[in-house]
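A.B. asks: As they're listed, the protein sequences go chains A and B.
Here the first sequence is numbered in the numbering used here, starting from 1203 and rising by one per residue.
Here the second sequence is numbered in the numbering used here, starting from -15 and rising by one per residue.
Keep in mind that a hint or two might mislead.
[Unchecked claim] A short, non-exhaustive set of chain B residues, derived as facing chain A with CB atoms under 8 angstroms:
#1 Ala57
#2 Gly58
#3 Lys61
#4 Leu108
#5 Leu112
#6 Phe119
#7 Lys125
#8 Thr131
#9 Arg249
#10 Glu255
#11 Thr263
#12 Arg281
#13 Ile303
[Stated by the list, open to error] Computed list of chain B residues with no C-beta within reach of chain A, every gap over 12 angstroms:
#14 Ser46
#15 His94
#16 Asp122
#17 Leu175
#18 Phe376
Think of the hints as simulated: they come from the structure by calculation, not from any bench.
Idealized CB from N, CA, C, for every residue including glycine.
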Amino acid sequence: MSSHNNRLVAAALTLGLLAAPAFAFDFGRPATPEEIKLWDIDVAPDGKGLPVGSGTVAQGKQVFADNCAACHGDNGQGGIKDRLAGGQGTLASSAPVKTVGSFWPYATTLYDYIHRAMPYPTPGSLSTDDTYAVTAYILSLNGIVPPDGKVDKDSLPKIKMPNRDGFIPDPQFDPAKLFRKK
Amino acid sequence: MTSKTQIESPPRPASVSRRGFVGGLSAGVLGAVATEAAVAQTLAEIPDRGPGADLGAHSERSRFVKIDRIPEAGPGKRNVDPSDAINSKTPHQKLVGNITPTDLHYERSHSGVPDIDPAQHRLLIHGLVRKPLVFSVDDLKRMPSVTRVVFIECTGNGWENWKKADPDLTVQNTHGLVSTNEWTGVPLKFLIGLSGKEKNSNWMLAEGGDGAGVDRSIPLTDEIVNEAFVAYGQNGEPLRPAHGFPMRLVMPGFEGNLNIKWLRRLKFGTEPWMTRWETARYTQLLANGTARQFQLRMETNSVITQPSGTMQIQPGYNIISGLAWSGHGKIAKVEISTDGAKIWKQAQLNQPVLSKAQIRFQMDWVWDGKPTRIVSRSTDEQGNVQPDRQSFIAATGSNALFHYNAQQTWSIDEAGRVRNVLA
Chain A
1203 MSSHNNRLVA AALTLGLLAA PAFAFDFGRP ATPEEIKLWD IDVAPDGKGL PVGSGTVAQG
1263 KQVFADNCAA CHGDNGQGGI KDRLAGGQGT LASSAPVKTV GSFWPYATTL YDYIHRAMPY
1323 PTPGSLSTDD TYAVTAYILS LNGIVPPDGK VDKDSLPKIK MPNRDGFIPD PQFDPAKLFR
1383 KK
Chain B
-15 MTSKTQIESP PRPASVSRRG FVGGLSAGVL GAVATEAAVA QTLAEIPDRG PGADLGAHSE
45 RSRFVKIDRI PEAGPGKRNV DPSDAINSKT PHQKLVGNIT PTDLHYERSH SGVPDIDPAQ
105 HRLLIHGLVR KPLVFSVDDL KRMPSVTRVV FIECTGNGWE NWKKADPDLT VQNTHGLVST
165 NEWTGVPLKF LIGLSGKEKN SNWMLAEGGD GAGVDRSIPL TDEIVNEAFV AYGQNGEPLR
225 PAHGFPMRLV MPGFEGNLNI KWLRRLKFGT EPWMTRWETA RYTQLLANGT ARQFQLRMET
285 NSVITQPSGT MQIQPGYNII SGLAWSGHGK IAKVEISTDG AKIWKQAQLN QPVLSKAQIR
345 FQMDWVWDGK PTRIVSRSTD EQGNVQPDRQ SFIAATGSNA LFHYNAQQTW SIDEAGRVRN
405 VLA
């Protein structure tokens, strides 16, 4: 490693020593559980972070028409923004079509992303149930949830997406091995 | 002045100076200078001196310098309405040295540029920590800081050339999604110390305060814990809004997307969160249909910026100059071929060569006027060599979209016109 990096590491170590308990609250302030809850929106593949609620494909069809179709097309296809449905079986072709159904490995990510980033002009504005409903609808467009289906915090993490096994981690940062050596 | 005008302009008089050093330069860096008035041929034609404009609160570029980023919407989608743009590229063909001017640092944003009042911005640190904490920008500025020159590169850099080469592309089009700035901020290690991270936490979620709430899972390797920092300064001043004002994560050597802008939350956990940006985006689809995930480090790379796409050179002396960088550390050497990758010569590296920063290389060249191809390849201190395009595509396929670091070849025809080609 370069001397530049060594110096940086040395500096960082020195700084780390400054973080003794006596100094801890000289910077910032403690976060309260209530305010953490406001921002703690991430959803993990095991379902951790999913709120209580549920939504059906039928409800989701309406929510989608009202909030999503203008950009993503009536059936999650043909819109001006990302295509959400179809494309299964194309990933090894010369013109792969990456959609929720053909590419996304986790259904939980779909809930997380809709809740944090969609609809584009007013992210996070859908209710919990409407977010579950539109998640169910997009999954149904891909044949992953039946037309009369419903999703909630228990069922969503159990859905095995078609491309769940389609990802190979870079050996250097493989989550299954990265911190196991020590 | 666009490169097109240069090509369409009538041939210059074949004076010695124009065919030599000056001619070569005028097509490149000085090409950023607009020639609105007649060119002064003799010293007698230089205008008289006189009092200039009033002094200002800040300085603008000369009115003779036209230099801008280009907003684009994706591979092959150029000249788009700004509302459709997803990135804005650095004009490397018009820049010198190593540091990208702040307003020309490339930009990639996923939900526009938020207008954040720093008084109303907070950084929350929580999850597997003993003391969840909230920090203001002023809190960060009171802490010990580091300052470091690093490149940040969008993983989409180079994506124009995965499948084909548009001959009309400039180096701004092909490689404008990497830039180098000096960043100042608080070491991640210091913030980890303040909050008392639990020993079993090896992953950190970093989230932005933009409309998309862009978030990425970051493995807490020793390298990352020792080198990452939360920056509030960029080239000596507060961050620009497009680059994350009032604070962003800086991850030297890693995917641009990990350098979360408008940073507002760091959450500590035990496993990656599998966010949209590390599953549906920023994973590399291989030829067999599987996708490479968590390819977090940016590879060894280089590109010749002078002469480069759409420029025109003259026979005789030409300086070849470009930029090289690697997420693995320092650049050890850059080689240049002026005969289509048959014979390679080592270029000079301009000092200082900094780790995980773009550095400039150059080499003297006398062009004999015959059509040829010029190409550069970098090697970093870890021994990683920038691959030739054929080997790279053979290993990766052409659908990966991200992490393109194959050698960039420019062809030069008998008229001296420089064009983007695939080798």
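A.B. asks: None of the hints should be skipped; say for each whether it holds.
C.D. replies: These are the hints, each one checked on the structure:
no. : hint   : verdict
1   : Ala57  : violated, 11 angstroms
2   : Gly58  : violated, 11 angstroms
3   : Lys61  : violated, 12 angstroms
4   : Leu108 : holds, 6 angstroms
5   : Leu112 : violated, 12 angstroms
6   : Phe119 : holds, 4 angstroms
7   : Lys125 : violated, 10 angstroms
8   : Thr131 : violated, 11 angstroms
9   : Arg249 : holds, 6 angstroms
10  : Glu255 : holds, 6 angstroms
11  : Thr263 : holds, 5 angstroms
12  : Arg281 : holds, 7 angstroms
13  : Ile303 : violated, 28 angstroms
14  : Ser46  : holds, 35 angstroms
15  : His94  : violated, 8 angstroms
16  : Asp122 : violated, 10 angstroms
17  : Leu175 : violated, 8 angstroms
18  : Phe376 : holds, 16 angstroms
The earlier numbered hints that this structure contradicts are 1, 2, 3, 5, 7, 8, 13, 15, 16 and 17.
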